[in-house]
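2 protein chains.
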Amino acid sequence: MKHNYLDNIPLEEAKERFFSLVKKDFLLKTETVNTQASAGRVLAEAVYAKICSPHYNASAMDGIAVRAKDTYGASEKEPLILKKDQFVVVDTGDIVPKDKDSVIMIEDITWLESGEAKIFSAVHPWQNVRQVGEDICMGDMIAASYTKITPALCGAFLAGGVTSAKVVKKVVVGIIPTGDEIVPPTDNPKEGDIIEFNSSIFSSMIKEWGGESKVYSIVKDKKQLLKNAVLKAKAECDIVLILAGSSAGRDDYTCDIIKECGEVCVHGIAIKPGKPAVLGKIENTAVVGLPGYPVSAIVIMREIVRDLLSLYSGCQIEKEPTVKAVLQKRVVSSLKYKEYVRVTLGKIGKKFVAVPLNRGAGVVTSFTKADGILVVPQNSEGISEGTEVSVTLLKSKEEIENALIVTGSHDVLIDEIKDIMKRRGYSFSLSSSHVGSMGAVTAIKNGNAHLGAIHLLDGESGEYNLSYVQKYFSSGGAVLKKGVGRTQGIMVQKGNPKGIKSIKDIENCTYVNRQLGSGTRVLFDYLLKKNNMDKNKIQGYRNEEFTHTAVAALIAGGNADCGMGVYSAAKMYDLDFIEIATEKYDFLCHEESLENEAVKVFFEILESEELKKRLEMMGGYSFE
Amino acid sequence: MKHNYLDNIPLEEAKERFFSLVKKDFLLKTETVNTQASAGRVLAEAVYAKICSPHYNASAMDGIAVRAKDTYGASEKEPLILKKDQFVVVDTGDIVPKDKDSVIMIEDITWLESGEAKIFSAVHPWQNVRQVGEDICMGDMIAASYTKITPALCGAFLAGGVTSAKVVKKVVVGIIPTGDEIVPPTDNPKEGDIIEFNSSIFSSMIKEWGGESKVYSIVKDKKQLLKNAVLKAKAECDIVLILAGSSAGRDDYTCDIIKECGEVCVHGIAIKPGKPAVLGKIENTAVVGLPGYPVSAIVIMREIVRDLLSLYSGCQIEKEPTVKAVLQKRVVSSLKYKEYVRVTLGKIGKKFVAVPLNRGAGVVTSFTKADGILVVPQNSEGISEGTEVSVTLLKSKEEIENALIVTGSHDVLIDEIKDIMKRRGYSFSLSSSHVGSMGAVTAIKNGNAHLGAIHLLDGESGEYNLSYVQKYFSSGGAVLKKGVGRTQGIMVQKGNPKGIKSIKDIENCTYVNRQLGSGTRVLFDYLLKKNNMDKNKIQGYRNEEFTHTAVAALIAGGNADCGMGVYSAAKMYDLDFIEIATEKYDFLCHEESLENEAVKVFFEILESEELKKRLEMMGGYSFE
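Those protein sequences? They're chains A and B, same order as listed.
My numbering applies: residue 18 is where the first sequence begins, and numbers increase by one.
My numbering applies: residue 18 is where the second sequence begins, and numbers increase by one.
A few of these clues could be false.
In this list, chains with the same sequence are indistinguishable; a pair is considered to hold if it fits within one copy or across any two.
Unchecked claim - Result set (DSBU-like, lysine-lysine): computed pairs, CA atoms no more than 35 Å apart in a straight line:
{"hint": "1", "residue 1": "Lys346", "residue 2": "Lys244"}
{"hint": "2", "residue 1": "Lys546", "residue 2": "Lys462"}
{"hint": "3", "residue 1": "Lys46", "residue 2": "Lys240"}
{"hint": "4", "residue 1": "Lys289", "residue 2": "Lys336"}
{"hint": "5", "residue 1": "Lys521", "residue 2": "Lys237"}
{"hint": "6", "residue 1": "Lys94", "residue 2": "Lys41"}
{"hint": "7", "residue 1": "Lys100", "residue 2": "Lys341"}
{"hint": "8", "residue 1": "Lys86", "residue 2": "Lys187"}
{"hint": "9", "residue 1": "Lys414", "residue 2": "Lys231"}
{"hint": "10", "residue 1": "Lys100", "residue 2": "Lys240"}
{"hint": "11", "residue 1": "Lys249", "residue 2": "Lys41"}
{"hint": "12", "residue 1": "Lys86", "residue 2": "Lys249"}
I should point out that these hints are in silico values taken from the structure, not numbers from a laboratory.
These numbers come from a predicted model, not from an experiment.
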């Protein structure tokens, strides 16, 4: 079996090699477009005004055009009367006749019955006249080469008589999805089918960056087929992206094909995710082999392809700003790679806090949930908790600043409240993270969240939540708000093939657990202890998931026989359910946050009929 | 003659009235689109995953799928051999068979000739396997209502089996240009024709904000015609913008028509520019009467129509960030209005400085030249020089930070250098302002510009520039760099109808002057003095312009008989030219700026053949 190793070239060096290769014999393509439709395009040459604007002396207001010297001497005390041949009535924009040089405002005139005009003050020459060229003079450069045309510039060009503009042609980026298992989007894939969604992500990014994308049909993992597709795309596009097959495995042909038809300058970059990328050129077309994992490929798109597009567009594509934030959780990183860590951001008080998200290269939702990206430099072992870091924003600073931060135990109720909030038109957003009930207690204690969702069983009293609040907030600082009752139980495969009736029966089964610190885990551990069961005998005890639906999905998928979770998750996955307890799912609120507008709205929605209805549809909730 | 007065309602109140009127019976329009093309759209409802992603247990790498328990005990010292029926070769993304639960990386295997695999370490269950739902679990909310769909979200939807999305319909904004003198874009308008460019500005803005625009034909100032056009547009659009005719003059019908067909809630807003705006509604269509002056209308678009579009789009359209800057020049403002002042921004050292631009409502280039907008509150008399102000950015902060600031005397040479700079691909930009040669001296002295362009005649010695530098920078701090020789003279109308031969002849003519502090003005005043002429006898001495082309344009337009300026301007406007002097147009550079990369490039281009060629084409320049 073939296996080659990749290079590990630092990103900056890789870009330097790639861009110097691409710049050889590089020529910008241009076209001429109608000025009226030119906004957003990039000028290929400087634009000079062809005419003045205004191109004649125009009245700046409604009034009468006069000769200034005819008005000299007029005052409140000694008004002057202008004869009918001494003035011409003009509206804004009208020509000021050659023998006139100023305009008196209509509001400043008293009309006599004779048709003559009485005026109460003098005007000086050119007063209230927009003289020729006031805005634009013929011959003036209105904009330099490679300027991005704004709406106002579009207007200025037309005002200057420039009815067409030579602009840089839109960059055409070809996207070739590859892979034997890849299928077009569907809601009913066969086992082993991989839904092709990368091309949609990348073509949307290209569009966002001002380019045009051309998505080709999926190509199977046959070298000749892929080669044909690449050569066709090369002829039709400025840049070609080949999706997947960029590594060095047995079906990875990208690198070989580019080598055979052109030149490869980089194969393997010292970044994570994103390492297995290929950078090269075939004739005058830049070719990039993107990794198959979406997050890896997004990183290559953002760090390399965006700048490539800037080069081809003649204009720097704007990059996102950064903010300073305090890292909430240590990030461990390899010395070998520059790492791109997706983080959520929140603003509590005056500081931004950053929490790292799932780092899997295949987890595209780590990107959709992310508010920003933290870069850990190469040759660094990581960044410790509490460090102030610089984070590149993926959302607007305003949106992040206005977000209500809810953390703790996972329940779909939080998503539903977020949705209702949005539907009611509130400007603030809701940002949630799943760190378990104990994580919520810590977050509220440290002031890192507005609200914490908890369902913590006190093994001694059999009560929920209250004793924890008393213990961890003995000197106050937090308030517990009633949430909902939630039915917890054991989820088992449809038909209950293992015949599980109670917690005691799971010893002979495979189990999927929740993460340490989650309320469900606290409950499970409590039940094990109560029943004198040994956790080391539970197969899968260390297989931890972060949400109820993740547990349900694994049971439904056959990875485990059972797991604990809420009724609604079992129902959604059509699993059988053995009820164990009705727990209290409440909200812990930092005292200082009680006056926060978004927090008030959250509690309002929590008690609303609308939410109740939604939860009743899902089942397993109670409201007393 | 009819004349009504407008209201003067504070902006916030006007918006409140307008938005509460619009919100009555307001319903968002929705449509279903293919997810692959949904990026940039706004979700009309929450999106829940229909399937898990991955939807089967998938290998996370190239390797062999095994049962973890078969690997237990393997180590470097005591490798294990897996029989052929104990593993299955898998590539990344392949199904992990039901009877296997983990994957060993291809790199960690030694193949035996028998086809068996030697392994050197154990794996735990589910290691290197992307379990069902690792990324997305069926039933999970992927995005809430009214979320703007990002490229990554587009991918997440498809990964979750969501192939179409219900989104908010693109907002359709109708734009009706009006006016008897208004003509479609042309480079050859007749006298009195006003080129219709506002609709291009506004439709581009609408597009930038995610809406769709529909520009109607120009409507003459006939009430019934306009009424018909408005009713047609109302039926076809969500929002209708009527351009011009929004005031209370004799041909201003906007307000009356909206009143007759629907309701007007505001006519006249306490802002400047932008006062004569009409806000109303006809049936369920919001109707805005925009002022005819482009800058006034742009302000209404930015301050009102953008938020209106946000409402109709279900999603806040992002607004520009602000920066703190030190105001370089006092801004006087009326107590009656909230004022929007266009400013240029520059960063010198660590501080941003803001310089107010021309405040004419008709000067669209004040918007194209502006880097930001400064708001002077209502009830304020203005803001004094040196105050720290908050400026809304119209360009990216990065672009402003990287701009080379050149101030002082006006010459097209600066624009040409800017263009060459851009064409050579430098990332920094050039920002120039025309404050005259003396303004340049002050700016360099105060550290408010990198370079100052000067041509200052010393009346005593007849020499240029040097004595000024010696006087104003007696203790150093600035360096004078040689620029070009420039032919100054008297520009007169073609054929020289007034028979002007020298400065002495201008006493019987109308003159157009340059502003105080400009080098050309210094020269003119010097010549007057030398010839014992009285400036009070020069007709038009107080008619001041800021550029050579502006002076030339007024002479060509017949507003004046003559004026001083450079040969290239006379040539461009086909004027006759009486040569007076060849002056030295040099550059004053702040000592600290000499090491600035952009300054170095500027001087490099200043001495380049490319610039020389461009200037020779224009004429009147010399390079010794």
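Copy assignment of lysine 100 with lysine 341, given that the CA separation must stay at most 35 Å = Neither. Shortest intra-copy (71 Å) and inter-copy (54 Å) distances fail the 35 Å Cα cut-off.
Is it within a copy, between copies, both, or neither that the alpha carbon of lysine 86 lies no farther than 35 Å from that of lysine 249?
-> neither (75 Å within a copy, 49 Å between copies)
Is it within a copy, between copies, both, or neither that the alpha carbon of lysine 86 lies no farther than 35 Å from that of lysine 187?
-> Intra 57 Å, inter 56 Å, cutoff 35 Å: neither.
Homo-oligomer pair classification [lysine 240, lysine 100; C-alpha up to 35 Å] = between (91 Å within a copy, 31 Å between copies)
Homo-oligomer pair classification [lysine 244, lysine 346; C-alpha up to 35 Å] | For lysine 346 and lysine 244, the Cα distance exceeds 35 Å both inside one copy (46 Å) and across copies (63 Å).
If the cutoff is 35 Å on CA atoms, where do lysine 289 and lysine 336 land: within, between, both or neither? Let me know, please.
-> For lysine 289 and lysine 336, both the intra-copy (20 Å) and inter-copy (33 Å) Cα distances are at most 35 Å.
Same-copy or cross-copy closeness of lysine 94 to lysine 41 [CA-CA at most 35 Å] | neither (78 Å within a copy, 53 Å between copies)
From the Cα coordinates, with 35 Å as the cut-off, is the pair lysine 46 and lysine 240 best called within, between, both, or neither?
-> within (31 Å within a copy, 48 Å between copies)
Could you place lysine 249 and lysine 41 in one of the four classes (within, between, both, neither) given a Cα distance threshold of 35 Å?
-> within (22 Å within a copy, 55 Å between copies)
Between the shortest in-copy and the shortest cross-copy C-alpha distance, which are at most 35 Å for lysine 414 and lysine 231: within, between, both, or neither?
-> Answer is both: 33 Å inside a copy and 33 Å across each meet the 35 Å cutoff.
Taking 35 Å as the upper bound on the Cα-Cα distance, should lysine 546 and lysine 462 be classified as within, between, both, or neither?
-> Result: close within a single copy only, 28 Å intra versus 80 Å inter.
At most 35 Å between C-alpha atoms: does lysine 521 with lysine 237 qualify within a copy, between copies, both, or neither?
-> neither (50 Å within a copy, 86 Å between copies)
Checked against the numbered hints given earlier, this structure breaks hints 1, 5, 6, 7, 8 and 12; the rest are met.
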